[in-house]
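Q: Listed below, chain by chain, are the residues.
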Amino acid sequence: MVSGTATLPRSSGTLTPDQIAALESAIAPFTPDQLIWTSGYTAGLAAARRVETGPDLSPANGVSAVAGVPELTIVYGSQTGHSESIATALHQAAEQAGFAGKLLNMSGLSARKLAKEQWIALVVSTHGEGDPPDDAVMLLEQLRRPRAPKFDGVKFSVLALGDSSYAQFCQTGKDFEAALQALGAESVAPLVECDVDYQAAAEQWRERVLRDHGARIGDTAGRPALQVVPPVSTGLRESLATVVANQRITGSRSSKIVHHVELAINAPLDYQPGDSLGLRVANPDVVVNGLINAAGLVATDEVQLDGTSVSVFEALKHSLEVTRITGPFLDAYAQLDGVADLQTQLDEPSGKQAVMALGHIADVVGRFPHAASAQAFIDSLRPLQHRLYSIASAPLETPDEVHLTVAEVRFEVDGADRHGAVSHGVIDQFKEGDEIEVFVEPNTRFRLPEDTSTDLIMIGPGTGVAPFRSFVQERAAQEARGRHWLFFGDRTFSQDFLYQAEWQAHLRHGALTRIDLAFSRDQQTKVYVQDRLRAQASELLEWIDGGAAIYVCGDASAMAPDVHAALIEILASRHDGDLDAGAADLETLRRERRYLRDVY
Amino acid sequence: MTQKDTLSPVEGIKTRSKHLRGTLEHSLVDPVTGAIADDDTQVSKFHGIYQQDDRDRRAERQRQKLEPAYSFMIRGRLPGGRCTPEQWLAIEALGTQYAATGVRLTTRQAFQFHGVLKGALKPTIQGIDKALLDTIAACGDVNRNVMCSPNPDLSRVHREVDSLAAALSAHLTPQTRAYHEIWLDGEKLTDEPEVVEPIYGDTYLPRKFKTGFVIPPQNDVDVYTQDLGFIAIVEDGALLGFNVTAGGGMGSTHGDNKTFPRLADTLGFITPDQVLDTATAIVTTQRDFGNRSDRKNARLKYTIEAMGLAAFREQVETRQRFSFAPAREVRFSQSGDRLGWVEAEDGVWHFGLFIPSGRVRDHEQGPQYQTGLIEIAKIHKGEFRLTPNQNLIIAGVRVEDKALVAGLLAAHGLAQPTSNLAAGALACVALPTCALAMADAERFLPELTDKVEALFTHHGLPDQSLSMRVTGCPNGCARPFVAEVALVGKAPRHYNLYLGGRHDGTRLNKLYRENISVERVLEILDELIAQYAKARRAGERFGDYCIRSGVIAETKAGREFHDDVSDAA
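Chains R and V supply the protein sequences, listed in that same order. Numbering-wise, my numbering puts 598 at position 598 of the first sequence, and it's gapless, one number per residue. Just add 1000 to the spot in the second sequence (first one is 1) and you have my numbering.
One or more hints might be untrue.
[What the hints assert, rightly or not] Some residues of chain V that are not near chain R, with every Cβ distance over 10 Å (derived): (1) 1033; (2) 1064; (3) 1067; (4) 1192; (5) 1269.
[Unchecked claim] DSS-like mimics (lysine-lysine), calculated; alpha carbons at most 27 Å apart, straight line: (6) V:1402 with V:1378; (7) R:526 with R:256; (8) V:1402 with V:1381; (9) R:155 with R:116; (10) V:1065 with R:526; (11) V:1258 with V:1065; (12) R:256 with V:1065; (13) R:431 with V:1065; (14) V:1258 with V:1490; (15) V:1188 with V:1130; (16) R:150 with R:174; (17) R:526 with V:1258.
Keep in mind that the hints were calculated from the coordinates and are not lab data. Cβ coordinates follow ideal geometry from the N, Cα and C atoms, glycine included.
Just chain R, with the same shape it has in the complex (with noise of 0.2 Å):
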């Protein structure tokens, strides 16, 4: 097996028909602790031959093949880090796997490098209304351009991440697919689509691209090559946490309700600011009854979920998704029986969205009633999804604590009142004492330089605020030099200045250097933080040349975009008010990880 491992085939980067048999034969007697051991022992014997061949040629952060070994080149864009734990879950498979695999970010990554390539394997997010990661903006863009290379001869194959609950769902993913077919790339695997659950998805692609790429140690998903790694970020150890505080901090007239949710820990919970929390939550009563009306179903009766009986009403409360519109679930109730016209409305041009926009799944029931049993009602829905929230508070300030700061979503549908199941089930179902699970997201593309005296610019507006409150705290805490400057806007001064008090605390004692804001609703014209940024310019430009990072957290369909645009206006100042130099520069600070986003 050695030996074999040395003669491999470079072009197919397939095994011959007689080297699998041979390696089957030969590990077919093994336990799987066995051939863990074997998949270990391999991998080691690849990364010998990688040191032996000298120094590393490719890209700044990119992990070079070996002459000699077939390679698989990883691709990722991220922006929250799961496209890059997924990228490089499949780099350690991949090399296991005896691949001389290649990791390569997005971000700085030409058009002109990936088309050098031979076999890319791309992992990409979509966010907001189709929109790429930061990271993937530039690629992106050169693929797409008039004179961008060609890629003939290049192998591809693409997991896309996405969220099914918009409509322009694993956008990202698919306009990469086209723009390399485009220029010549061979599709070899098609697109898969990953949703917000997604592990199970990217297992099967991992799998996919690694048996099609020539690695066949196996003929069928769930071998144990494929199980030595586990997924590395995802970080789903929940553990338990008890609720110690659940307020309101928006005024008693606000139009918003906004709570801050303090929960105490139970055992250590490793995080760090910038990272989110993760819950499963109930939904509320109100909206379940909703749906069980909307359905026609009856709350009593039993149902079969994943080979257990339970009532219809603890099925909608505890375990599934109730109130968003996921693609998979429009495509599964369209064909309930009785269900007429939704498949030719989502059949059309925009059909998706139109359906998507009619707000919660009981409106999508209300306009297109089904008569379907219980059964298959229940089975068109999704899993309850766990949500995500940016964390509050920092580990220095509150160790044995972890704070969120959650809005309540609410939208109104033909005039009745909706709440967004989850946060309203945060907000009314959190009592204090409650125990729940949590388990935290790391967020590694959001962190706090870890120069402590770098100094912040931090844009924030309504919930956005959250992860600054938590910079802000452990940099308190550090006694950092840096100094920071927060951005922060919302409707109205007197109501929604979300922790008004803590930042006057923070002015006071000089952890926070200053504060902008944009209230938009107090005056006749509204303002918004890129107003207040754009009349900041000169003192802006001063921070970034002196090396401050900007972070910008919150809304990602009209905010960041909005903040990008101002930014770019900024640095353009000084090319004579060109905006491309502007953009350039942006896209300098975003690749050394001076310009950073969390936004959804």
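Got chain R; can you put chain V on it based on the hints?
A: Below, chain V without anything else, positioned relative to chain R:
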């Protein structure tokens, strides 16, 4: 004056304020807080602006990690309470635009806006300026709004006295340009005159200073409660001059017997042309002799107690460079306002409009004070006079316009008060806005008047007249210590009960029971009214009865206010 090192902190703020500028300009543009800097909260008072916060929401806001719900009270300066219909409309418009609760009429003939947010201060003051009014010295350690009886009967004498009140108000207005610079974007002069404040000096007065002119027989301004009072002496319809009174004041502190309400002493008689000189002499005496280390002992009343009346009079006479003539005899009939239609000597009519607690607002399914007065202001050819008891006189209605005004009053449900008792009752703002209040006053008054009215009726005395006043604290904004029955707040729904004041405001009352519940107050009044109904003499008022029958000891001077308080209290 006491030693420099014991000066009260406010003295330091005044000194540092550079003639009332402080850091107000910076405070106004600080976007992080709806408040102004601590020191500026003292300075702003001199500009007629008080920082307040909604006390009902303090705890809630703290839990919400929000600062208190800060807002500001703006008080106008309106000598004698006079304004034109155009000014009324301007004030109304500003109140609607910027004040949370509209316009409120004060117990000192001024208008007040409550709940003005910091960002609206400047536009509001500029709007007031545009209406040819201002808020300078409406609060603070200076001479406040000069009061004058809006007495409608004697039109000619009223005009004379009122114009003297206006002249004195102008004379005692601070001369600093700070107000113009801060609020009206006035030009900043590079060099100030050497003496900025010829009367006040650089640190102004030790404490607030209140002045009132009264035209007997109606003691509507409660002249003896003023630091400085001028009682018009009228003979055959002509103004001869004034009896000058000094050293009145209501403010005191619960449990601190060194503080007490005090009625003014009469210094003597002066002629109208001597008013400004006498006022200057008294103000500067207080400026130089007043206590600047203890603000609870800083009013003129304590200065006079400390100096002795004779020494004080001598000091004033030296400064004014003439002696007081012997005081003339004065007779008051009652305190409070005259309400309803009154025909004046020159044949024009005045209507005294009762406005509960001075709140100019439209009641749901009740009187439409705001709308009604706006409609009247649109057609009224005379003027308005704010009264010392939070009411409003529609003054100078010609005979031919009387029906029109009466029609508008009726159309908006603006009738007479439901009872004499309601008409004679007075309350301060108290909770939730006033920082000093310990109990409700304005919000409690309607309940109290209804219940006391019912007691009198029950004992066979319907439509009784009574001066009854409620305040949230003992500082005395509604002048409680001259009332026949006064409730002064101690805790929510708990008050000190005072009895024995005189209906014309010429005698202080005395503590009868301390810190008792509203229910206990009513039980006590029930017993006393029952006795009064049986044992009163013909025409005897309730306050007088309480003293004659020995229910309460008479308070003959302010310094004896705390003496002879019953052990039962």
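Q: Take the hints in turn and mark each one as holding or not.
A: Do the hints match the structure? See the list:
no.: 1; hint: 1033; in the structure: 6 Å, violated
no.: 2; hint: 1064; in the structure: 5 Å, violated
no.: 3; hint: 1067; in the structure: 5 Å, violated
no.: 4; hint: 1192; in the structure: 33 Å, holds
no.: 5; hint: 1269; in the structure: 54 Å, holds
no.: 6; hint: V:1402 with V:1378; in the structure: 14 Å, holds
no.: 7; hint: R:526 with R:256; in the structure: 17 Å, holds
no.: 8; hint: V:1402 with V:1381; in the structure: 11 Å, holds
no.: 9; hint: R:155 with R:116; in the structure: 11 Å, holds
no.: 10; hint: V:1065 with R:526; in the structure: 25 Å, holds
no.: 11; hint: V:1258 with V:1065; in the structure: 40 Å, violated
no.: 12; hint: R:256 with V:1065; in the structure: 15 Å, holds
no.: 13; hint: R:431 with V:1065; in the structure: 19 Å, holds
no.: 14; hint: V:1258 with V:1490; in the structure: 18 Å, holds
no.: 15; hint: V:1188 with V:1130; in the structure: 20 Å, holds
no.: 16; hint: R:150 with R:174; in the structure: 19 Å, holds
no.: 17; hint: R:526 with V:1258; in the structure: 55 Å, violated
The structure does not agree with the numbered hints 1, 2, 3, 11 and 17 stated previously, though it agrees with the rest.
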